[in-house]
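Between the sequences and the hints, there should be enough to build the whole structure, so can you do that?
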Amino acid sequence: MKKFLKIRPEEVESAVEQAMRERNKASSEPFSVVCTIFPEYDWVKEILGDHADNAEITYLLDNGVDLHSYQPTADDIIKISACDLFVYVGGESDEWVKDALAEAANKDMKVINLMDVLGDSAKVEELKEGITARAEETFDNDIGRELLNKWGIPENFIARAFVLLGYCEGEYPQSKPRREGRVVIVDED
Numbered sequence: 046m047k048k049f050l051k052i053r054p055e056e057v058e059s060a061v062e063q064a065m066r067e068r069n070k071a072s073s074e075p076f077s078v079v080c081t082i083f084p085e086y087d088w089v090k091e092i093l094g095d096h097a098d099n100a101e102i103t104y105l106l107d108n109g110v111d112l113h114s115y116q117p118t119a120d121d122i123i124k125i126s127a128c129d130l131f132v133y134v135g136g137e138s139d140e141w142v143k144d145a146l147a148e149a150a151n152k153d154m155k156v157i158n159l160m161d162v163l164g165d166s167a168k169v170e171e172l173k174e175g176i177t178a179r180a181e182e183t184f185d186n187d188i189g190r191e192l193l194n195k196w197g198i199p200e201n202f203i204a205r206a207f208v209l210l211g212y213c214e215g216e217y218p219q220s221k222p223r224r225e226g227r228v229v230i231v232d233e234d
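Residue numbers for the sequence shown follow our numbering, beginning at 46 and rising by one.
If you are wondering where the hints come from, they were derived from the structure by calculation, not from laboratory data.
Note that CB positions come from ideal geometry on N, CA and C, so glycine has one too.
Derived CB-CB ranges, DEER-like:
(1) Tyr104 x Glu137: 15 to 25 angstroms
(2) Ile122 x His96: 18 to 28 angstroms
(3) Asp95 x Lys143: 31 to 41 angstroms
(4) Gly189 x Asn99: 42 to 52 angstroms
(5) Asn158 x Ala127: 17 to 27 angstroms
(6) Gly164 x Glu74: 25 to 35 angstroms
(7) Tyr104 x Ser73: 21 to 31 angstroms
Take a look at the structure:
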C-alpha cells in the first residue's frame with residue numbers, strides 16, 4: 046500500500062536544529078546531512094538558512110535516477126554511515142535503508158523517516174482499475190521482460206502508469222492529431 050506525503054516542515058526543522066545543536070557541541074567539523082530526494086535536500090538547505098555554510102548537505106540521487114529502483118553505491122553507504130542526520134522518505138522504495146543504518150559508524154546519528162513522521166496522516170494511494178497494477182502485470186512475464194530488455198529498461202523498473210503500447214490484433218484506430226514533438230513513436234523494426 047503506497048502513501049502520499051504531506052510533510053509538516055516544523056517537524057523536519059525541529060529535528061534538523063536538534064541534531065545540529067548536538068553536533069556543534071561535540072565537534073568543530075561541519076554538520077553532515079544526507080538526503081535521499083531533492084525536496085528533503087531543499088528543505089534542509091532552507092531550514093539551515095545562513096547556517097548552511099557550516100553544514101555538508103548531500104543529495105544521494107543523481108539526475109534521472111528512478112527513486113523507486115534506487116540502490117545506494119558503496120560511497121553512498123559510507124556517507125550515510127558517517128553523517129549526523131539522515132533524511133529519507135521511507136516506505137517500499139527505501140527498504141535498503143535498514144541495512145545501511147545497521148552498519149552506521151556514527152551511532153549518534155539522527156534519522157528522519159518521513160513516513161514515520163506522517164504516521165496516520167499519510168494519504169493512502171488508491172489503485173484505480175487499469176493503472177499501475179495492470180502495467181506491472183503486463184510486464185511480469187517472459188514476453189514482458191523480453192520487451193523491457195529490448196527497450197533497455199531494467200527488469201526491476203516499477204511502472205507508474207499503464208501506457209498503451211499497441212494492439213495484438215486488428216487495425217490501429219485512427220488517433221487525433223497531436224502537436225509536433227509531443228508524441229514519441231517507438232518502432233519495433
